[in-house]
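J.: The primary structure of each chain is shown beneath.
There are 2 protein chains.
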Amino acid sequence: MSTQHRDYPATGAWHLGDPVGTRRFFSLPTERAVALDVGSTLTDVTVAYETWGTLAADASNAILLCHAWTGDSHAAGPADDGHPTPGWWEGLIGPGLAIDTNQFFVVCANVLGGCQGSTGPASAHPADGKPYGSRFPVITIRDIVRAQARLADHLGVRTWHSVIGGSMGGMQVLEWAVMFPDRVRSIIPIATCLQASAQQIAWGAIGRRAIRLDPRWRGGDYYDAAPGDGPWEGLAIARMVAQVTFRSDNVFSEKFGRELADGNADKSGIEMWDRFEVERYLDHHGDKLVRRFDTNSYLVIGKAMDLHDIGRGRGGVVAAVQRITVPVLSVGIWSDILYPSYQQREIARLVVEAGGHADYVEIDSPHGHDSFLIELDQVGRAVTSLLGKV
Amino acid sequence: MSTQHRDYPATGAWHLGDPVGTRRFFSLPTERAVALDVGSTLTDVTVAYETWGTLAADASNAILLCHAWTGDSHAAGPADDGHPTPGWWEGLIGPGLAIDTNQFFVVCANVLGGCQGSTGPASAHPADGKPYGSRFPVITIRDIVRAQARLADHLGVRTWHSVIGGSMGGMQVLEWAVMFPDRVRSIIPIATCLQASAQQIAWGAIGRRAIRLDPRWRGGDYYDAAPGDGPWEGLAIARMVAQVTFRSDNVFSEKFGRELADGNADKSGIEMWDRFEVERYLDHHGDKLVRRFDTNSYLVIGKAMDLHDIGRGRGGVVAAVQRITVPVLSVGIWSDILYPSYQQREIARLVVEAGGHADYVEIDSPHGHDSFLIELDQVGRAVTSLLGKV
Chain A
1 MSTQHRDYPA TGAWHLGDPV GTRRFFSLPT ERAVALDVGS TLTDVTVAYE
51 TWGTLAADAS NAILLCHAWT GDSHAAGPAD DGHPTPGWWE GLIGPGLAID
101 TNQFFVVCAN VLGGCQGSTG PASAHPADGK PYGSRFPVIT IRDIVRAQAR
151 LADHLGVRTW HSVIGGSMGG MQVLEWAVMF PDRVRSIIPI ATCLQASAQQ
201 IAWGAIGRRA IRLDPRWRGG DYYDAAPGDG PWEGLAIARM VAQVTFRSDN
251 VFSEKFGREL ADGNADKSGI EMWDRFEVER YLDHHGDKLV RRFDTNSYLV
301 IGKAMDLHDI GRGRGGVVAA VQRITVPVLS VGIWSDILYP SYQQREIARL
351 VVEAGGHADY VEIDSPHGHD SFLIELDQVG RAVTSLLGKV
Chain B
1001 MSTQHRDYPA TGAWHLGDPV GTRRFFSLPT ERAVALDVGS TLTDVTVAYE
1051 TWGTLAADAS NAILLCHAWT GDSHAAGPAD DGHPTPGWWE GLIGPGLAID
1101 TNQFFVVCAN VLGGCQGSTG PASAHPADGK PYGSRFPVIT IRDIVRAQAR
1151 LADHLGVRTW HSVIGGSMGG MQVLEWAVMF PDRVRSIIPI ATCLQASAQQ
1201 IAWGAIGRRA IRLDPRWRGG DYYDAAPGDG PWEGLAIARM VAQVTFRSDN
1251 VFSEKFGREL ADGNADKSGI EMWDRFEVER YLDHHGDKLV RRFDTNSYLV
1301 IGKAMDLHDI GRGRGGVVAA VQRITVPVLS VGIWSDILYP SYQQREIARL
1351 VVEAGGHADY VEIDSPHGHD SFLIELDQVG RAVTSLLGKV
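If you read the protein sequences in the order shown, they are chains A and B. For the first sequence, the residue numbers in my numbering are 1 to 390. For the second sequence, the residue numbers in my numbering are 1001 to 1390.
Hint data in this document are derived by calculation from the structure and do not stem from the laboratory. Treat the hints with caution; some may be incorrect.
Stated by the list, open to error - Sample of chain A residues facing chain B (criterion: CB under 10 Å; computed from the structure):
1. PRO86
2. PRO227
3. MET240
4. VAL278
The beta carbon of each residue, even a glycine, is placed where N, CA and C say it ideally should be.
Only chain A is shown next, with the shape it has when bound in the complex (with noise of 0.2 Å):
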């Protein structure tokens, strides 16, 4: 049936490797092992971070940015070796741009879980050498900012000028706020949502029944499967779910109408396999991640993103927000439907009502929730526009 993905890499390609551009390092040490908060703990954790600008001599000028489900530390700067990818906030980051290095210190680490240098499920496990595989536990959003939390702590950064991120990354930033109320004056978070709703969790379980699914998946130790035997097709079917909700009705049906791919609609002889032209996009992007991606993160990431819910533990959402002290500027999309706009403005309204100081901007785009990755003026004004006030 389906070959297409047999060249991709079956193994290792996500093992931590040696510093590579401006990516580092940072490993907890073993005896502060992460308590994690509905699993076990981790030890041997290591996760890898980016910076930008150079650290004031007081520490007042550090940003952390926070990357979103199959993002990585690389924000800024082209790809190569290190980053398949470009910085997923290209443009937005550098002497002069709206996150100016010149004036800021910019951290930005892979979230713990992950597979580009952070201690994930690709990772060895301290007790044989092999990868975690299926042993990887269960992690949180509050995990993933307590290993940030420690690399604050190592580079010299008591408290963040601000705390900024789309997507998980806005998850990670409202965490931020509340778990560590003095080490932040500010956060922006962008398109993103207090707890993940219903919605927003079964389009979830979908893309995780597709991995597991997949025999190749070998309920998630496929690390030592011979090279293309991977989990590729259920972490594409699982990409595909996201792609279509991080985009848009409109936008699809201008970019792709009902274009044949494959086949010829006006003739005899479509077969069921034959694609549509939204098809090929949709199997190009799920391409490209299994390219870069690990399966098991997927799922440990998005598991993550499922069991986000600030209120959980302290009474509540209301009573979470309460503790949210800082300015927040909270950004929506209009057009986006995975996380609709109405959960961004809930923010702020909560924010405001426990009496904090909370702005609700929407950025004027029809791409969908991917918009916070490409309409980087808006996002630009809207983030220097707090910058400047705090």
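Starting from the known structure of chain A, arrange chain B on it as the hints suggest.
T.: What follows is chain B alone, placed relative to chain A:
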């Protein structure tokens, strides 16, 4: 991993049975093979149908109901051995009801390609008596409508008083008015579209890929599999995609919130495969579907929906709409994320712009696409408003 579907039927459950209850079968004469739109031809075609009420002597009181993706001919009546589910419009059809069987002769046929009595992939291939399986051709909505036209001939119905249906049923409704303008006196397309959009195709494609990924699908030739060894996982995932798009964000949030069905996020030990309530709900619907529906029929009908385009081969949608000369009541649902209401407004708008007669009515419901199966009072009022006018 996942053995939850092990006691489902693997084979035979959807083969053509004897007439049961009110269900009747019409077999097209072999010499009148159904020429297919984009494939080959089908011979020995059977159409399963049910009727309610009595055909008038002048055959002027016949209404055709067209069912949706996983529907069947059982539009009204209780579940029984021949009908695994109660009528999909139970409560709307009967003496004194909105579709009044004291007045009208009501017909509903299982679509070509289906699995509830009409010829589909699980039916016997005339060449060898074995199930078609992978040999079943791609069909289109037009093929489905042509088979219904043969049934109308057989029943002595020259002209339908009205043709009515939602979702894929609405696609058939529109094709009836375009293909056979002199055989309909009115149409009521509900929650449907003139052509499948790129986003709709994308959702369909995801389900298709999940089925293909299921090793038990066996390329479509799974009918001789051992009991419990059918492609239920793939079909269940495909159904999950559909079920999320059939409903709405706010109703999911109200109904399920973030409740866990398994595990407990406040205690340690939540696992990757512990489910939220919304996942249990989706599992439940997947389970229900695989017990009554053939996976290959799901693929064939889904492909027909993706190929739906009333403009194909007719000079485009606007030119095709000019053939619609009868009164049209287009019904939309404001909360529908799968067939957004702009599509139903467009049907009415284009008909009027072409000089025809069309009204648009919107169902006020938060329940999303499925509202046409839920909000029977509103659907009934809309239907009677047009039936009374014709």
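J.: Next, verify each hint and record whether it holds.
T.: Going down the list of hints, with the structure as the test:
Using the Cβ-Cβ criterion of 10 Å, the hint placing A/PRO86 at the interface with chain B is not satisfied: the shortest such distance is roughly 26 Å. Interface hint at A/PRO227: violated, since its Cβ lies 20 Å from the closest Cβ of chain B, which is beyond the 10 Å cut-off. The interface hint given for A/MET240 holds, since its Cβ lies 5 Å from the closest Cβ of chain B, which is under the 10 Å cut-off. A least Cβ separation of about 4 Å between A/VAL278 and chain B falls short of the 10 Å threshold, and the interface hint therefore holds.
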